[in-house]
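Enquirer: Sequence:
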Amino acid sequence: MSQNLTESRSEWLSARKALLAKEKALTRMHDELSAERRALPWLRVTEPYTFDSSEGPRTLSQLFAGHSQLIVYHFMFAPEWEVGCKSCSFWADSFNGAVEHLTQRDVRFTAVSRAPLPKLQAFQRRMGWSFPWVSSQASRFNFDFNVSFAPETLASGEAVYNYAPLGHSDTEMPGFSVFAKDARGDVFHTYGTYGRGIEVVNAAYQLLDFVPKGRDEDGLSSSMSWVRLRDRYGR
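For the sequence shown, position 57 matches number 44 in the numbering used here, and the numbering has no gaps at all.
Just so you know, these hints were derived from the structure itself, not from any lab.
Keep in mind the model is a prediction, meaning the values are calculated, not measured.
Every clue listed holds true.
Quick list of in silico lysine-lysine cross-link-like pairs, DSS-like style, CA-CA up to 30 Å:
hint, residue 1, residue 2
1, Lys4, Lys200
2, Lys73, Lys200
3, Lys200, Lys11
4, Lys200, Lys9
Simulated restraints, written as ranges between beta carbons of each label pair:
hint, residue 1, residue 2, range
5, Leu207, Ala52, 33 to 41 Å
6, Arg127, Leu0, 55 to 63 Å
7, Leu(-8), Gln193, 20 to 28 Å
8, Pro152, Arg112, 35 to 43 Å
9, Arg217, Leu141, 26 to 34 Å
10, Gln91, Thr33, 24 to 32 Å
11, Asp173, Arg127, 14 to 22 Å
12, Ala191, Leu6, 20 to 28 Å
13, Pro103, Leu0, 56 to 64 Å
14, Phe130, Ser(-5), 53 to 61 Å
Quick reminder that beta carbons are idealized off the backbone N, C-alpha and C, glycines included.
Based on the sequences and whatever the hints tell you, model everything.
Expert: Below you can see the structure in the form of structure tokens.
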């Protein structure tokens, strides 16, 4: 933990105000970027994707549940896994409580994974989450949105993630996909973000960025090697 000590309140305040000016500039830049994001072109979705949900089979259109906007979190949970990804679970602990607030702004939220629905439901009960979660096991949804990869695609070197060639052989990756539905009921893909683009949703990371040690991940074998499922810390 670096220490840049001062005994002077005025020196501390001067340094803080200088940083505040940069923080405000970043906030203004973020607002501008958000406006550009909302102005992106919409791509019509024509594939009839279907999902297994607790209410039965659902199409992508039905996942909107009466709203005009839909956020999908691509939760890493392959069919053969017994539990979901610990890193995605780290994110889920942050967005679980936001779902009801999103509905007040005409936004439906759901997580999507390839694992069968009973596995998703069992893991959801274990973790105490309440967000909607559906299985895409019967469709190509995760593959078409470049978050799941068949072995032959990985072997060919043609796998694409975060709009660039995938540099490793993981079969599942995380991300957010955003959709809109017009008055006729047509569905459009409006935005997608992956890799470090999803960090803004993680409240724990944002809070760690406030403290002197920051995320404290330098020197770890991988940046998130410290993360555990919430009920496995201390074990």
